[in-house]
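From first to last, the protein sequence lines stand for chains A and B. Its first residue numbered 1, the first sequence is counted upward by one per residue in this note's numbering. Its first residue numbered 247, the second sequence is counted upward by one per residue in this note's numbering.
The set of hints was computed from the structure by calculation and includes no laboratory data. One thing to keep in mind: the hints can contain errors.
What the hints assert, rightly or not - Which residues of chain B face chain A? A partial, calculated answer using Cβ under 8 Å:
no.	residue
1	A348
2	S404
3	E408
4	Y409
5	L416
6	M511
Said to hold, decoys possible - Within a straight-line C-alpha distance of at most 20 Å, the following computed EDC-like cross-link-like pairs (lysine to aspartate or glutamate) qualify:
no.	chain 1	residue 1	chain 2	residue 2
7	B	K426	A	D94
8	A	K83	B	D407
9	A	K153	B	E411
10	B	K426	B	E502
11	A	K83	A	E196
12	A	K153	A	E101
13	B	K426	A	E196
14	A	K116	A	E183
15	B	K426	A	D127
Don't be surprised by glycine CBs; every beta carbon is placed ideally from N, CA and C.
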Amino acid sequence: MLEIINVSKTFQNANGERIPAVSSLDLTVARNEFVCVVGMSGCGKTTTLRLVAGLDKPTEGRILVDGRKVNGPTPERCVVFQKYTLFPWRTVRDNVAFGLEIRRMNRQDRMARVRKYLELVGLGDYDMSYPFELSGGMQQRVAVARALAAEPKILLMDEPFGALDSRTREILQNELIGIWCNERKTILFVTHSISEAITLADRVVVMTRPGRIRRLIDIDLPRPRDKNCERFRKYNAQVRDLLNES
Amino acid sequence: MRLILPLLLACAWEIVALYLNKPMILPRLESVVKVLLHPTQKVLITGSLAMHMCISVVRVLLGFFLAASVAIPLGIWMGHCRLADKLFDSLIELLRPIPPLAWIPLILAWFGIKGIVDWAPQLSESILLSNIQYGTVVIIMIGAFFPVLLNTAQGVRSIPDEYIESARTLGARRFSLLFKVLIPASAPAILTGLRIGMGIGWMCLVAAEMMPGSSSGLGYLIWYAYEFLRTDVIVAGMIIIGFIGFLVDRGFRWLENRIIWRGRMS
Ligand SMILES: Nc1ncnc2c1ncn2[C@@H]1O[C@H](COP(=O)(O)OP(=O)(O)O)[C@@H](O)[C@H]1O
Ligand SMILES: [Mg+2]
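Okay, chain A solo, but in the shape it has when bound (with noise of 0.2 Å):
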């Protein structure tokens, strides 16, 4: 379980203003929970992110994962981020063990365990192959492989798709349900696509400037969902018009 207590966050600029990015911002996520956070551009998002991986330190309040404090990041809760951030001088391959290398996991283990995770995203002929030879969608695959390869408790996905077309990112947002079905994790996902966000979520966050949480929804659809049909269509107006409002 994730438990963001009373969290700000506040940065200062470069004329020494203090910019709150995120303010007294209070969120559960369970185990296994699927949760998008969804806002327009700068209303904190990827600070939240930031703050839950241990990337940032929190101004003021805590977070805690299973009963835990936050501290710095671990494997726990990796992050995948809407950069293309494979390694260019690693294959396919020791992207993906990356984290088991560093972990001293040894070989046998570790390779069984990349097989299986370049599987799990389709990739398993790609081992050998370098990240520049790959297109963007198939990147990202590979860096959920890698996350998912750590055996996080927690998946942090910071716009992960946002650079792709949409068709290809369409058929991701279906892999990562599957996968998410399959391997049953915690996944914290954050999208400024309002659609992406009803797709795939339990419960959708929508986040407001400088960093409110608006409003919490549940989203009480069997998935696959279908964009096209009634219900979908009013939780998406219900979370344009809570944007539109601020």
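Guided by the hints, dock chain B with the ligands onto chain A, whose structure is given.
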């Protein structure tokens, strides 16, 4: 195609040399080639061409490795840690514009012509090692140091934060971050720095060998040949100096090109 201009130059050279017929000013090419073809023979009354060459190469390698072994770690530190960058930046910017050769008088004053034989007398039997003076090595170090340092620091500085942060969330800490991310990510920049540093070190070396107190090396050889007006030896020495510099540069470029992901970091 590449050889046309050098060959033309050689022809023109030979014609002018024949016409002038003053080997003290312009040697005939064949006498230059003769020196080059007998690298193990004694030149003048000093050692052979090969010996001078080896001594120069050992000196430059020693200075180069010493420079790299300080510049690479320091560069990585400066590139990764903003505090270290601020700490060293002004000092480096102050020292960097001083030409390495401007250090020679001061370094002569400090080290004289002392070399590693003064520290380990048993080495005096080895021609190579008994000819390594501290002064020359330090000049090469100064010459090679800054390009390696600045390229390394810039290489590490330009690693996108996302790479480092991804690595950290995957569990990378100090050493794993250093060896599995910072060094491989900046390897192309480090290699470029090493190539430039080596080139400058080589030029400094030859100049340093012309300084008082020097008694061996290619720089010394051509300066010494000048006293006898043996221009054939001078030109032969220059050709070797140029050729070694060229080979080393090519070697580094070859290494750089082996890094196939160069320029692929987003
Ligand atoms: N490192 C930083 N330094 C200063 N201000 C920042 C920094 N990171 C984010 N901010 C500010 O915090 C606010 C929220 O940013 P962010 O969390 O990136 O928004 P989002 O991901 O929702 O687009 C923005 O106003 C942004 O300018
Ligand atoms: Mg963002």
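Here's how the hints hold up against the structure:
1. A348: violated (39 Å)
2. S404: Since chain A brings no Cβ nearer than about 13 Å to B/S404, farther than 8 Å, the hint is violated.
3. E408: holds (4 Å)
4. Y409: holds (6 Å)
5. L416: This interface hint holds because 4 Å falls under the 8 Å limit.
6. M511: With a minimum Cβ separation of about 6 Å from chain A (threshold 8 Å), the hint on B/M511 holds.
7. B/K426 with A/D94: Answer holds: B/K426 to A/D94 is near 11 Å, not above 20 Å.
8. A/K83 with B/D407: holds (11 Å)
9. A/K153 with B/E411: holds (18 Å)
10. B/K426 with B/E502: holds (19 Å)
11. A/K83 with A/E196: Holds - the C-alpha atoms of A/E196 and A/K83 are around 18 Å apart, at most 20 Å.
12. A/K153 with A/E101: holds (19 Å)
13. B/K426 with A/E196: Distance ~35 Å between B/K426 and A/E196 Cα, so the pair is violated.
14. A/K116 with A/E183: holds (12 Å)
15. B/K426 with A/D127: holds (19 Å)
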